[in-house]
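*Asks:* Residue strings, one per chain:
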Amino acid sequence: AQSVTQLDSQVPVFEEAPVELRCNYSSSVSVYLFWYVQYPNQGLQLLLKYLSGSTLVKGINGFEAEFNKSQTSFHLRKPSVHISDTAEYFCAVRIDQAGTALIFGKGTTLSVSS
Amino acid sequence: ETGVTQTPRHLVMGMTNKKSLKCEQHLGHNAMYWYKQSAKKPLELMFVYNFKEQTENNSVPSRFSPECPNSSHLFLHLHTLQPEDSALYLCASSNRNNANTEAFFGQGTRLTVV
Chain A
5 AQSVTQLDSQ VPVFEEAPVE LRCNYSSSVS VYLFWYVQYP NQGLQLLLKY
55 LSGSTLVKGI NGFEAEFNKS QTSFHLRKPS VHISDTAEYF CAVRIDQAGT
105 ALIFGKGTTL SVSS
Chain B
8 ETGVTQTPRH LVMGMTNKKS LKCEQHLGHN AMYWYKQSAK KPLELMFVYN
58 FKEQTENNSV PSRFSPECPN SSHLFLHLHT LQPEDSALYL CASSNRNNAN
108 TEAFFGQGTR LTVV
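Chains A and B supply the protein sequences, listed in that same order. With the working numbering, the residue at position 33 of the first sequence is 37, and numbering never jumps. With the working numbering, the residue at position 80 of the second sequence is 87, and numbering never jumps.
Fair warning: there could be bad hints in the mix.
[Claimed, not checked] Straight-line alpha carbon distances no greater than 20 Å define the calculated SDA-like cross-link-like pairs of lysine to any residue that follow: (1) B:47 to A:113; (2) B:47 to A:13; (3) A:53 to B:36; (4) A:110 to B:48; (5) B:29 to A:45; (6) A:110 to A:92; (7) B:26 to B:119; (8) A:53 to B:108; (9) B:29 to A:46; (10) A:110 to B:92; (11) B:47 to A:7; (12) A:110 to B:49; (13) B:48 to A:46; (14) B:48 to A:12; (15) B:26 to B:120; (16) A:53 to B:102; (17) B:59 to B:104; (18) B:25 to B:119; (19) B:48 to A:92; (20) B:25 to B:82; (21) A:62 to B:108; (22) B:48 to A:7; (23) B:48 to A:44; (24) B:48 to A:26; (25) B:26 to B:121; (26) A:110 to B:93; (27) B:48 to A:13; (28) B:47 to A:45; (29) B:48 to A:113; (30) B:47 to A:12; (31) A:53 to B:105; (32) A:73 to B:106; (33) B:47 to A:11; (34) B:48 to B:89; (35) B:48 to B:65; (36) B:47 to A:44; (37) A:62 to A:28; (38) B:47 to A:16; (39) B:26 to B:87.
Hints were generated in silico from the structure; no laboratory data involved.
All chains, please: the whole structure from these sequences, using the hints.
*Replies:* Next up, the structure:
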């Protein structure tokens, strides 16, 4: 079975600083990888996804993620964060099989302060 | 507007009550999901429906009863719940034919059991 580990439960940063949110996965089969963001009292919104091809994926709101197959990682990065980036971030995987559901990590709370 | 609508947004119910959560998607998807999000716990997949057929039940207690009358609607019937069932319940939908597509989420129903 596949699983997702988000190594940091909370990441506090100052505004305009860079940030990296870490995600590692395990699976014996090919997977697709996703990052979602959840603002307070909201559902989840897709930030970006890795399907194939270039290992660097760019998403919305200036976020990007790099897929590293050898390290089974899919870390999320942003070079300069804003107060409005304060939210919960979830890494998710889905195996390459029709009809399967996304499996999520525990989430990382990003807190951006001025 | 995410294309996935959940009602109600907030629900307070007693342990002896019976209530239902509703989810509707306008995206033409053929797979729908219920997730439970509790404080300080990862998103838990509860049920998966593909083409109106339940294909996954992750050991969910019988006091939660899902219903999928068609591929656009999904319900979660609740009865004799416990206080620990208080959580955010998220509905999602996707195209089951392509594992490389993301799931779209509703804004969730915040359930409080008193």
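*Asks:* For every hint, state whether the structure bears it out.
*Replies:* We went through each hint and held it up to the structure:
1. B:47 to A:113: holds, 11 Å
2. B:47 to A:13: holds, 9 Å
3. A:53 to B:36: holds, 19 Å
4. A:110 to B:48: Roughly 6 Å separates the two Cα atoms, so the pair holds.
5. B:29 to A:45: Holds. Residue 29 of chain B to residue 45 of chain A sits at ~17 Å (cutoff 20 Å).
6. A:110 to A:92: holds, 10 Å
7. B:26 to B:119: holds, 12 Å
8. A:53 to B:108: Given pair residue 53 of chain A, residue 108 of chain B holds - Cα atoms ~9 Å apart, limit 20 Å.
9. B:29 to A:46: holds, 16 Å
10. A:110 to B:92: Distance of about 18 Å is within 20 Å: holds.
11. B:47 to A:7: The given pair, whose Cα atoms are some 18 Å apart, holds under the 20 Å limit.
12. A:110 to B:49: holds, 4 Å
13. B:48 to A:46: Holds - the C-alpha atoms of residue 46 of chain A and residue 48 of chain B are around 17 Å apart, at most 20 Å.
14. B:48 to A:12: holds, 14 Å
15. B:26 to B:120: At roughly 11 Å apart (the allowed maximum being 20 Å), residue 120 of chain B and residue 26 of chain B satisfy the hint.
16. A:53 to B:102: OK: residue 53 of chain A and residue 102 of chain B at ~15 Å, within 20 Å.
17. B:59 to B:104: holds, 14 Å
18. B:25 to B:119: It holds: about 13 Å lies between the C-alpha atoms, which stays within 20 Å.
19. B:48 to A:92: holds, 12 Å
20. B:25 to B:82: It holds: about 13 Å lies between the C-alpha atoms, which stays within 20 Å.
21. A:62 to B:108: holds, 16 Å
22. B:48 to A:7: Roughly 15 Å separates the two Cα atoms, so the pair holds.
23. B:48 to A:44: holds, 16 Å
24. B:48 to A:26: holds, 18 Å
25. B:26 to B:121: holds, 13 Å
26. A:110 to B:93: holds, 18 Å
27. B:48 to A:13: holds, 11 Å
28. B:47 to A:45: Cα-Cα ~15 Å, so holds.
29. B:48 to A:113: With Cα atoms ~12 Å apart, residue 48 of chain B and residue 113 of chain A stay inside 20 Å; holds.
30. B:47 to A:12: holds, 13 Å
31. A:53 to B:105: Satisfied, since the Cα-Cα distance of roughly 14 Å is no more than 20 Å.
32. A:73 to B:106: holds, 19 Å
33. B:47 to A:11: holds, 14 Å
34. B:48 to B:89: holds, 17 Å
35. B:48 to B:65: Roughly 16 Å separates the two Cα atoms, so the pair holds.
36. B:47 to A:44: Roughly 14 Å separates the two Cα atoms, so the pair holds.
37. A:62 to A:28: The given pair, whose Cα atoms are some 18 Å apart, holds under the 20 Å limit.
38. B:47 to A:16: holds, 17 Å
39. B:26 to B:87: holds, 10 Å
The structure fails none of the hints (numbered hints given earlier).
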